[in-house]
Amino acid sequence: MAANNQIKSGRLSKAEVEENFSDLHPPLTRSEALIEADRCYFCYDAPCVTACPTGIDIPGFIQGIRSDNLRGSAHTILRENIMGGMCARVCPTEILCEEACVRNSHEEKPVEIGLLQRHATDPIFESGEQLFERAAASGKKIAIVGGGPAGLSCAHRLAVLGHDIVVFNRDDKLGGLNEYGIAAYKAIDDFAQTEVDYILSIGGIEVRNNSALGSEVELAELVENYDAVFLGVGLANSNALGIDGEDLDGVENAIEYIADLRQADDMSTLPVGRNVIVIGGGMTAIDVAVQSKRLGAEQVNMVYRRGPEKMSASVFEQALAQTSGVNIHHWASPARIVGDGHVTGIEFKLEDNDEAMHLNADVVFKAIGQKLDGSGLDALASESGRFVVDADQKTSVQGIWAGGDCVVGGDDLTVSAVQHGKIAAISIDQYLRNS
Amino acid sequence: MADLRSEFLGISSPNPFWLASAPPTDKAYNVNRAFEAGWGGVVWKTLGEDPSVVNVSGPRYSALYSNERRVIGLNNIELITDRPLQTNLDEIRQIKKDWPDRAVVASVMLPMNEASWAKYLPIIEDTGIDGFELNFGCPHGMSERGMGAAVGQVPEYIQMATEWAKKAASVPVIVKLTPNVATAVPPAKAALDGGADAVSLINTINSIMRVNYDTLTMYPTTDGMGTHGGYCGEAVKPIALNMVAEIARNAETRFIPISGIGGISDWRDAVDFLALGASNVQVCTAAMVYGFKIIDDLVDGLSTFLDSKQLSLDQLVGKAVPSVTDWQYLNLNYIEKAVIDQDSCIKCGRCHVVCEDTSHQAITHTVNGERHFEVMDDECVGCNLCVSVCPVDNCISMERLTTGNDPRTGAAISSEVLNWTEHSNNPMRKTD
Numbered sequence: 001m002a003a004n005n006q007i008k009s010g011r012l013s014k015a016e017v018e019e020n021f022s023d024l025h026p027p028l029t030r031s032e033a034l035i036e037a038d039r040c041y042f043c044y045d046a047p048c049v050t051a052c053p054t055g056i057d058i059p060g061f062i063q064g065i066r067s068d069n070l071r072g073s074a075h076t077i078l079r080e081n082i083m084g085g086m087c088a089r090v091c092p093t094e095i096l097c098e099e100a101c102v103r104n105s106h107e108e109k110p111v112e113i114g115l116l117q118r119h120a121t122d123p124i125f126e127s128g129e130q131l132f133e134r135a136a137a138s139g140k141k142i143a144i145v146g147g148g149p150a151g152l153s154c155a156h157r158l159a160v161l162g163h164d165i166v167v168f169n170r171d172d173k174l175g176g177l178n179e180y181g182i183a184a185y186k187a188i189d190d191f192a193q194t195e196v197d198y199i200l201s202i203g204g205i206e207v208r209n210n211s212a213l214g215s216e217v218e219l220a221e222l223v224e225n226y227d228a229v230f231l232g233v234g235l236a237n238s239n240a241l242g243i244d245g246e247d248l249d250g251v252e253n254a255i256e257y258i259a260d261l262r263q264a265d266d267m268s269t270l271p272v273g274r275n276v277i278v279i280g281g282g283m284t285a286i287d288v289a290v291q292s293k294r295l296g297a298e299q300v301n302m303v304y305r306r307g308p309e310k311m312s313a314s315v316f317e318q319a320l321a322q323t324s325g326v327n328i329h330h331w332a333s334p335a336r337i338v339g340d341g342h343v344t345g346i347e348f349k350l351e352d353n354d355e356a357m358h359l360n361a362d363v364v365f366k367a368i369g370q371k372l373d374g375s376g377l378d379a380l381a382s383e384s385g386r387f388v389v390d391a392d393q394k395t396s397v398q399g400i401w402a403g404g405d406c407v408v409g410g411d412d413l414t415v416s417a418v419q420h421g422k423i424a425a426i427s428i429d430q431y432l433r434n435s
Numbered sequence: 001m002a003d004l005r006s007e008f009l010g011i012s013s014p015n016p017f018w019l020a021s022a023p024p025t026d027k028a029y030n031v032n033r034a035f036e037a038g039w040g041g042v043v044w045k046t047l048g049e050d051p052s053v054v055n056v057s058g059p060r061y062s063a064l065y066s067n068e069r070r071v072i073g074l075n076n077i078e079l080i081t082d083r084p085l086q087t088n089l090d091e092i093r094q095i096k097k098d099w100p101d102r103a104v105v106a107s108v109m110l111p112m113n114e115a116s117w118a119k120y121l122p123i124i125e126d127t128g129i130d131g132f133e134l135n136f137g138c139p140h141g142m143s144e145r146g147m148g149a150a151v152g153q154v155p156e157y158i159q160m161a162t163e164w165a166k167k168a169a170s171v172p173v174i175v176k177l178t179p180n181v182a183t184a185v186p187p188a189k190a191a192l193d194g195g196a197d198a199v200s201l202i203n204t205i206n207s208i209m210r211v212n213y214d215t216l217t218m219y220p221t222t223d224g225m226g227t228h229g230g231y232c233g234e235a236v237k238p239i240a241l242n243m244v245a246e247i248a249r250n251a252e253t254r255f256i257p258i259s260g261i262g263g264i265s266d267w268r269d270a271v272d273f274l275a276l277g278a279s280n281v282q283v284c285t286a287a288m289v290y291g292f293k294i295i296d297d298l299v300d301g302l303s304t305f306l307d308s309k310q311l312s313l314d315q316l317v318g319k320a321v322p323s324v325t326d327w328q329y330l331n332l333n334y335i336e337k338a339v340i341d342q343d344s345c346i347k348c349g350r351c352h353v354v355c356e357d358t359s360h361q362a363i364t365h366t367v368n369g370e371r372h373f374e375v376m377d378d379e380c381v382g383c384n385l386c387v388s389v390c391p392v393d394n395c396i397s398m399e400r401l402t403t404g405n406d407p408r409t410g411a412a413i414s415s416e417v418l419n420w421t422e423h424s425n426n427p428m429r430k431t432d
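Just so you know, the sequences run in chain order U and Y. Counted from 1, the first sequence has number 434 at position 434 by our numbering; the numbering is strictly sequential. Counted from 1, the second sequence has number 6 at position 6 by our numbering; the numbering is strictly sequential.
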């Protein structure tokens, strides 16, 4: 960043930052969990299960909490979703399982499924107790590209099914967006790595970090040397605004700042702008806006080109931003970023209004979506910049599966990526056993 | 407000709610607090011969909980009073003096010899008590010594001891019955034959609560060993109601006044007992779980209810007894079907799955591709299971079919009453 005296670290003390980044949803105590578990009606063909992308038997695991069988409860969760711990923290449950809860129909207060799921799984991640057993070795070896939720989910299920796996991961650490992208207050105490360690503890998963496809490793080489390939490469590139001033200093991709934030040992040392503008209306936009505010930014303006109902961030997330002190502006599109070497503000064009809106900024975060880095992957059929897959996550090329954000139907949710990885693993297993 | 003043065997109390003979009535301290809170009377915790019994100094109680730790049932192994008789007598005398408008009845448990009854009852009566309650019910501890339930399970013993008590006492005598019998009628009849003025029921039910899952011993224990206790609380109410109703409708026992006991927690429970034949009620567990303050809702709720029904307390007593009969007299031509109110249905599917798995496959799950729960009249036997399990109040109701054919059997619906005694499938049917 070019020199700008409005951008500085230490706007808040370390203690204040730690307080601001404490657990967003603190875990339930045992008593709270029992009371909440008792609210579950144990529905038949439960709508919450249908609403869960990974199809966790929610009434089943809640019954385990009720009966003090937390180990069984955790197994019920993790056997469908090995990232059930992270999903308990980051799933937008208000638009998934909890939205479907029948309690909404007569009291507008669903069972707190997310918190119960965390209650059930926390003890397993604390103890590290292995709940899974590997099937007899198949002698098959599968290459997985990408160490995020899709890749790790696929790797774990394949390992359970008796196969050996090599994960090619472009980053220093496994976890993908769980490690680099989730807001810090949603996954405190390095939970992403705790979960990674648990997944790897099944055995049979070799990890090669700093091994990006297209540079350190080539697809053709994987196809040649492995019995099957799974691509969970995510969407590595950020979309650009395509307007004047985008190259000014202080204009950044939100996702990169969030990654820095997640990797910081002491978040109070991170540079924070005084006036921050976030462009976008999704979860990443909310995450960078709220975290900037919690790091001590004075003014955080989040600007979205359409109305609140069109934002991909859930109503809960929008409210979280607002109660955190973020100003959300709707129906305004950035027309020009202004500055002299360093950004000083943005001019917005307002919908249905000829007047322009100007907001000051010394930092601008772009959070208008990600796109596939398809280098070296031209052979695979794609649509709107994502790989086309069938219901079994098979790509157009035999022997290659894909899942997570990089495929058509990927929806930027950890839980969906986990499901893709799981389905692909089951499909790969069938393919290998039949060939 | 309805007048709740109660006269039971001529013993008057400002309301029909007495505290049952139990830990809450063991001392003047507790009884004073109870009367200050508004209880109509107490049955003093059971008195016995000196030297007094000795209680364990470990767990005496354990509970059956709902998941939110609401106590549904309570188990106890406490014996009769473990204080010297004279201490109790002094306190009873003072209490009766301080609270002349409240009922004070003394529970007694004595060995099976007449001399003991002849000796102790006059001493106790001299304190000014309004009556005696003979404890033939405690199922634990004392029954091993030939008292309590050991007497209550043998009608001849009940009659014998009641006769001794009646000879020694000039105040009314109530016989408290044990539920640990097949039917309460013979014990009640024995009490009546022995001259009892009333019966009270039920005492507690033999029970072991659970095991300790760590040690795999029963729970709770006293130094590693446990013993069965007596079970009480709201979980026992249906058992008590049946026994009360049995006595209230039996030709040989129907005239004996009943003091109803067993799981009364709120005013509705009291209505159950009164309507099924009890003239007053006794409460223990609810007070032991929540304290004496529950008397406020008992009094206010019952009074409001009587007003809403335009009934006096006396008119409520026994009101439901004529509706209790034997199975063989139920009308087999009467047909009901469950109806689900779609506006209040929350689509949990519990009615469907219990009907599908355990009953008559009479409730849909999917209609036209939508999650939809509806009763199929051609399969519904009217069993009321769906009503019982539905988590939404009044969402499923039972409606009578009066005309046409029963869609399940195809048979024409008859307005004639047909019970089993006359049914063609009954080989023992009455044939005139």
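Hints may be right or wrong, so weigh each one.
[Stated by the list, open to error] Here are some chain U residues pointing at chain Y (derived, C-beta under 10 Å):
| # | residue |
| --- | --- |
| 1 | Leu34 |
| 2 | Tyr41 |
| 3 | Phe42 |
| 4 | Cys43 |
| 5 | Asp45 |
| 6 | Leu241 |
[Claimed, not checked] With beta-carbon atoms standing in for the labels, derived distance ranges:
| # | chain 1 | residue 1 | chain 2 | residue 2 | range |
| --- | --- | --- | --- | --- | --- |
| 7 | U | Gly376 | Y | Val389 | 57 to 63 Å |
| 8 | Y | Asp326 | U | Asp45 | 40 to 46 Å |
| 9 | U | His106 | Y | Asp357 | 23 to 29 Å |
| 10 | U | Asp45 | Y | Tyr29 | 55 to 61 Å |
| 11 | Y | Val211 | U | Glu18 | 43 to 49 Å |
| 12 | U | Asp197 | Y | Pro238 | 52 to 58 Å |
| 13 | U | Thr29 | Y | Asp296 | 28 to 34 Å |
No wet-lab data here; the hints were simulated from the structure. Bear in mind that the values here come from a model prediction, so they are computed numbers and not experimental data. Idealized CB from N, CA, C, for every residue including glycine.
### Task
Could you work out which earlier hints the structure fails to respect and list their numbers in ascending sequence?
Violated hint: only 6; rest satisfied.
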